[in-house]
Amino acid sequence: MVRVNESDCMMRYFSHFINGETVKPQNNDWIDSVNPATGKIWARFARGNAVDVELAVNAAYNAYQKPEWRADSNTRINVLHAIADRIDQNFEQLVEVEVNDNGKRIREVNGQMSTLGGWYRHFANDLEKLAPDKLTLDIKDITARLELMPYGVIAAITAWNSPLMIAAWKLAPALAAGNAVIIKPSEMASASTVVFAELIAPVTPAGLVNVLTGFGNEVGAALVAAEKVRKVTFTGSEIGGAKVAGVAAQHVKPTTLELGGKSPQLVFADADLESTVNGVMSGIFLSNGQTCVAGSRLIIHQSIKNEFINKLLDRIAKLKFGDPMDYHTDVGPIANKPQFEKVLAMIATALDEGATIVTGGYAQTVDGFDNGYFVAPTILENVSVDATIWQEEVFGPVLC
Numbered sequence: 028m029v030r031v032n033e034s035d036c037m038m039r040y041f042s043h044f045i046n047g048e049t050v051k052p053q054n055n056d057w058i059d060s061v062n063p064a065t066g067k068i069w070a071r072f073a074r075g076n077a078v079d080v081e082l083a084v085n086a087a088y089n090a091y092q093k094p095e096w097r098a099d100s101n102t103r104i105n106v107l108h109a110i111a112d113r114i115d116q117n118f119e120q121l122v123e124v125e126v127n128d129n130g131k132r133i134r135e136v137n138g139q140m141s142t143l144g145g146w147y148r149h150f151a152n153d154l155e156k157l158a159p160d161k162l163t164l165d166i167k168d169i170t171a172r173l174e175l176m177p178y179g180v181i182a183a184i185t186a187w188n189s190p191l192m193i194a195a196w197k198l199a200p201a202l203a204a205g206n207a208v209i210i211k212p213s214e215m216a217s218a219s220t221v222v223f224a225e226l227i228a229p230v231t232p233a234g235l236v237n238v239l240t241g242f243g244n245e246v247g248a249a250l251v252a253a254e255k256v257r258k259v260t261f262t263g264s265e266i267g268g269a270k271v272a273g274v275a276a277q278h279v280k281p282t283t284l285e286l287g288g289k290s291p292q293l294v295f296a297d298a299d300l301e302s303t304v305n306g307v308m309s310g311i312f313l314s315n316g317q318t319c320v321a322g323s324r325l326i327i328h329q330s331i332k333n334e335f336i337n338k339l340l341d342r343i344a345k346l347k348f349g350d351p352m353d354y355h356t357d358v359g360p361i362a363n364k365p366q367f368e369k370v371l372a373m374i375a376t377a378l379d380e381g382a383t384i385v386t387g388g389y390a391q392t393v394d395g396f397d398n399g400y401f402v403a404p405t406i407l408e409n410v411s412v413d414a415t416i417w418q419e420e421v422f423g424p425v426l427c
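Residue 406 in the numbering used here sits at position 379 of the sequence shown, and the numbers go up by one each step.
Just so you know, the hints here were simulated from the structure itself, not pulled from any lab data.
Just so it is clear, the structure is predicted and the values come from calculations on it, not from any experiment.
Glycine included, each C-beta is placed from N, C-alpha and C at the ideal position.
Please note that the accuracy of each hint is not assured.
What the hints assert, rightly or not - Quick list of in silico lysine-lysine cross-link-like pairs, BS3-like style, CA-CA up to 25 Å:
{"#": "1", "residue 1": "K270", "residue 2": "K255"}
{"#": "2", "residue 1": "K289", "residue 2": "K338"}
{"#": "3", "residue 1": "K167", "residue 2": "K67"}
{"#": "4", "residue 1": "K289", "residue 2": "K332"}
{"#": "5", "residue 1": "K289", "residue 2": "K167"}
{"#": "6", "residue 1": "K93", "residue 2": "K258"}
{"#": "7", "residue 1": "K93", "residue 2": "K270"}
As the list claims (entries may be wrong) - Derived CB-CB ranges, DEER-like:
{"#": "8", "residue 1": "L340", "residue 2": "Q418", "range": "54 to 64 Å"}
{"#": "9", "residue 1": "Q418", "residue 2": "D59", "range": "48 to 58 Å"}
{"#": "10", "residue 1": "D341", "residue 2": "V279", "range": "21 to 31 Å"}
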């Protein structure tokens, strides 16, 4: 936490985005954001509080109340298409900010960003195919009416691994249905979401898309508990999801949780080894294992184990570590220091519980990035099914 120094002109500041404009935090507090490749502070995010939450909730509620938004599906269709166009027009800016913010390789972010506008167009097209918002059915002696109703104000809490992609999965259908949304990105990676909201402001009615930055226990909890918030959607850890569900349950709010995973990859004796190695490599080491669908457990037939592992080792040895902004980089940094430390700690725990290292298991030194959060791709064997690393999500480049 820091206080703003107005003379600090080299630092990038990302404020809240409320009711169509940037809004500084009410207490003028900010959160340092560290570029995970360099280990240096590159930006600061607004540290929100309950007052900021109230401003955003009221803005969203007032925007939702306007009948032209809720009742006119053509308006929503046009807005969704316009958002998609703004994404395409500002593609490079969004990519650069997200790479700086969470260290994901530019090749991967480019891939995600190239599909981002498609989510908004998809739901715009779906909306065109839906039945009218109000449909009256005349049956003998019975009059029935089907009326499609939005929730109202939705709180969308997103994760740090793919901020804009996860936001799109929540925001696009919510807007299509006629809701107003407050996005609360992770305090570890808020920049791209703020920039996105600013970029779509010219084509989006004020108050329909708001962004609040800050800590979960200060902003997230207040947002979930806010009376005018009628629906909550959360992507993140099981611990965070349990907290969100607990607060939402106290207010009997419908909640959607997308949490962690511990996916196994099964390799049978008759598998095509070359293509399967490709699948296992991308399954765990793409995104440094920082995805809820990472294939972090490998179950392989004993008869092909040695040959398969050797092929994996050959592939790992050829990986290039470096700047995530470099298109030639194969392995970038872990997204933030707490996660970097967690990954190394889980490897240490695995060793204490009897596992042995096949490769990796350490913080990787990378020329020019001495303070970056790099972890060598790791393979562990002799892992018990009761071991912590077999049972719990690592969210890092660790295969066991």
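Hints, one by one, checked against the model:
no. : hint                    : verdict
1   : K270 / K255             : holds, 19 Å
2   : K289 / K338             : holds, 23 Å
3   : K167 / K67              : violated, 72 Å
4   : K289 / K332             : holds, 21 Å
5   : K289 / K167             : violated, 54 Å
6   : K93 / K258              : holds, 19 Å
7   : K93 / K270              : violated, 32 Å
8   : L340 / Q418: 54 to 64 Å : violated, 25 Å
9   : Q418 / D59: 48 to 58 Å  : violated, 33 Å
10  : D341 / V279: 21 to 31 Å : violated, 55 Å
The structure is inconsistent with the numbered hints 3, 5, 7, 8, 9, 10, although it conforms to all the rest.
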